[in-house]
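Enquirer: Sequence order for the protein chains is B and X. Read in order, the letters of the first sequence are residues 1 to 317 in my numbering. Read in order, the letters of the second sequence are residues 318 to 656 in my numbering.
There may be inaccurate statements among the hints.
[Claimed, not checked] Chain X regions said to be covered by chain B (calculated; three or more residues, Cβ under 8 Å):
| hint | region |
| --- | --- |
| 1 | 458 to 465 |
| 2 | 628 to 637 |
[As the list claims (entries may be wrong)] Chain B is nowhere near these chain X residues, computed Cβ spacing over 12 Å in every case:
| hint | residue |
| --- | --- |
| 3 | T485 |
| 4 | T523 |
| 5 | V576 |
[As the list claims (entries may be wrong)] Below 27 Å or equal to it, Euclidean Cα-Cα: the simulated DSS-like pairs (lysine-lysine) are:
| hint | chain 1 | residue 1 | chain 2 | residue 2 |
| --- | --- | --- | --- | --- |
| 6 | B | K195 | X | K351 |
| 7 | B | K49 | X | K601 |
| 8 | X | K601 | B | K93 |
| 9 | B | K43 | X | K601 |
| 10 | X | K489 | B | K141 |
| 11 | B | K204 | X | K343 |
| 12 | X | K402 | X | K527 |
| 13 | B | K195 | X | K402 |
| 14 | X | K351 | B | K234 |
| 15 | X | K426 | X | K343 |
| 16 | B | K204 | X | K512 |
| 17 | X | K601 | B | K235 |
| 18 | B | K120 | X | K512 |
| 19 | X | K402 | B | K204 |
| 20 | B | K135 | X | K512 |
| 21 | X | K489 | B | K235 |
| 22 | B | K112 | X | K343 |
| 23 | B | K204 | X | K380 |
| 24 | X | K343 | B | K135 |
| 25 | B | K234 | X | K489 |
| 26 | B | K235 | X | K512 |
| 27 | B | K120 | X | K343 |
| 28 | B | K120 | X | K351 |
Since the hints were made in silico from the structure, they are not lab data. From a predicted model like this one, the values you see are computed outputs, not experimental measurements. Note that the Cβ used here is the ideal one computed from N, Cα and C, for glycine as well.
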Amino acid sequence: MQELAAAIRETARKLLEEKTVDLVIGFASGSLPLRSTPCFIRKPEDAAKLVFDAGCENNLANYLRQRDEKVAVVAKGCDTRAIVVLLQENQIKRDNLYIIGVPCQGMIDRVKIDALLDGKDLLAAEVQGEAVTLKTAAGEKQVALVDVLHDTCKTCQYGNPVIYDVLLGEPVKPRQADDFADVKAFEALSPAERKARLTEEFSKCIRCYACRNACPMCYCSECFVDCSTPIWIKKSVDPADNMMFQAVRVFHLAGRCADCGACDRACPMGLNLRTMTRKLVMDVKELFGYEAGVNLDAKPALSEFAFDDPQPFLVKE
Amino acid sequence: MIIKKSELNAVLDKLLAGYQVYAPVKEGNYAVFKQIANGGQAYLGYSNSKIPPKGILFPQSEKLYSYSVTAEGARVEEHIDGSKKVVFGIRPCDAKSITLLDFVFNNDKYTDPYYMTRRNNTVLVGLGCNQPAPTCFCTSMQSGPFASEGMDVMLVDIGEGYVAQALTDKGKELLAGLGLPEASADDQKAAEDVKAAAVVSCQVNTEGLKAKLDAGFDDPVWNRIYEKCLGCAACTYLCPTCHCFDIVDDAVDCNGCRVRNWDACMFPLFTLHGSGHNPRPSGKERWRQRVMHKFKYFVDNFNATACVGCGRCIKNCPVNLDIREVLADILGSEARLDK
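Throw the hints in and build the complete structure from the sequences for me.
Expert: This is the structure we're talking about:
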């Protein structure tokens, strides 16, 4: 990880020095333990601020749309998948983008850390190989890295960037195939149980729209929730409208969601948003054999019609 | 007086006979203030609640009045909540934040009947912070782990119980009804020791901040500060002092209600004019507004800073955009986050 960070700094410095790009978007050290933060570097000497570690959980593709300057971005596998979708949707000019691809072993989920600490505040933490040492006022605790990774990372099939101009570091080994066990478990519930589960979850939603804003694919200039003619959902917070917001958000992402988990990570209330987005990811994959953001030349699922497309919602097959 | 921890549930149950009681309740990994039905639901082993208790007095979605049209004419029914409430276990930063909301909802230009009726009928029972969180910077914001501003009663956790001190007439009345034993000299001493031992490790330098902001509307620093902001409302909705709202009608035809909802200066829609013009078109202007409102306009209007150092915006920002660093950037200072 240290060597990878050094390589990122060196690459960024060079790109800025040689004026290949005007801006490098990467990660710098954050202000909380296990937390790195998006940063914008414009001077070669500032490239020294760049880091890469298990706290780089944000999807930097979010910062690439509608930029006039030439930009380099430090991109993990999921970031590159989002970039592919944004390229396909004409939101980014490929000629103005330089992708610094970095293989990713997975990012730490601080919600899981909080659960392990039972109300204690994390004062400091250190990742060493496969172990994480957590320091609180009550003492030190060791946990296995794999146990505190984001669920998205545990099922991620694209730890290695799918598109890049330069690839730094050693490619990571592929993970076990994703069986969508979380989605299937949810589907196995009765409609009443599913409704109860969702109502409970979305009664916690405060409608801060962090999920929407963190999603690289949510870029409508006017979101349906803000539309006043007609009013699609009420402005007031209640579980039914909160659920409606999520349902429409998820459907807008059908065939476009790169399963990066940015929505889930951004939620300050710790809602499980991923089961819903992944239901659509799974359906698009099973019905149309399509995975968003994996291949720049593939036609997006919603842009193509084939006569043998399954249509189970029209006729029983 | 003293509330033994073994007696806490009984004390809360006693309060429930005369008041609606709001207390921190554990929900998954965090605590939130909720109306409790029995003392056993309260959970005081938290550093600070996920959502500030401001919503008890200023709900996120508040029905102001409902209306309907019938054959006889229009009918309007106002919803003013005059129920007696106790907020039990509110932290010093959050209690202070309510004194700041008072400036907004009760001043020489306007008195808000919805907020003020609740406020006047609510007793705030505060709980000092034996172990402030690493993101707490209350001592830099004219508060502290045992500051009592805004509280009617203050509790100090001395291990086996809470030493309770009434600070206002409302507080005295509340405690008088509970028939609690007096705290012994040893208990008082233990409370003083706990107060002396609490350390807020994080200091934020605010020296010269107001002067800098007075002259800094066009400072180039605003071009950088907002860059990584996603424009969501996690920071404002979880802030105990943010109080901006939007009033809408939730109605079908002529029947419905007028609702006051929290709004956030981070949203593009916040200042979008009917003409389509937006005076705050990007994150730059929105972030400038957020900082100016808290650290300049509020000071100009009410001679107080609209930040209490609770650290919620720091803990909950999806991209770790830290207000402490923003203030340091504005001041051009390197001295920040003293550990």
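Enquirer: Taking 27 Å as the top limit, are the C-alpha atoms of K402 of chain X and K204 of chain B close enough?
Expert: Judged against 27 Å, a Cα distance of about 23 Å means the pair holds.
Enquirer: Does K343 of chain X sit within 27 Å of K112 of chain B, going by the straight-line distance between their CA atoms?
Expert: OK: K112 of chain B and K343 of chain X at ~16 Å, within 27 Å.
Enquirer: Checking the smallest CB distance to chain B, is T485 of chain X really beyond 12 Å?
Expert: Non-interface label stands for T485 of chain X: nearest chain B Cβ at 30 Å, farther than 12 Å.
Enquirer: Holds or violated: are the alpha carbons of K234 of chain B and K489 of chain X at most 27 Å from each other?
Expert: Roughly 43 Å separates the two Cα atoms, so the pair is violated.
Enquirer: When you check the alpha-carbon spacing of K489 of chain X and K141 of chain B, does it fall within 27 Å?
Expert: Answer violated: K489 of chain X to K141 of chain B is near 44 Å, above 27 Å.
Enquirer: Is the hinted pair K351 of chain X and K234 of chain B satisfied, with a Cα-Cα distance of at most 27 Å?
Expert: Holds. K351 of chain X to K234 of chain B sits at ~23 Å (cutoff 27 Å).
Enquirer: Take the C-alpha atoms of K204 of chain B and K380 of chain X, compute the straight-line distance between them, and say whether it is at most 27 Å.
Expert: Answer holds: K204 of chain B to K380 of chain X is near 19 Å, not above 27 Å.
Enquirer: Run the distance test for K49 of chain B versus K601 of chain X: straight-line Cα separation, threshold 27 Å.
Expert: Satisfied, since the Cα-Cα distance of roughly 23 Å is no more than 27 Å.
Enquirer: Sort out whether K402 of chain X lies within 27 Å of K195 of chain B, counting only the CA atoms.
Expert: With Cα atoms ~33 Å apart, K195 of chain B and K402 of chain X exceed 27 Å; violated.
Enquirer: What's the verdict on K120 of chain B and K512 of chain X, does the C-alpha distance respect the 27 Å limit or exceed it?
Expert: holds, 20 Å
Enquirer: Take the C-alpha atoms of K204 of chain B and K512 of chain X, compute the straight-line distance between them, and say whether it is at most 27 Å.
Expert: At roughly 34 Å apart (the allowed maximum being 27 Å), K512 of chain X and K204 of chain B break the hint.
Enquirer: Would you mind confirming whether the straight-line C-alpha gap from K402 of chain X to K527 of chain X stays at or under 27 Å?
Expert: Violated, at about 37 Å.
Going down the numbered hints, you'll see the structure goes against 1, 5, 10, 12, 13, 15, 16, 21, 25 and 26, while the others check out.
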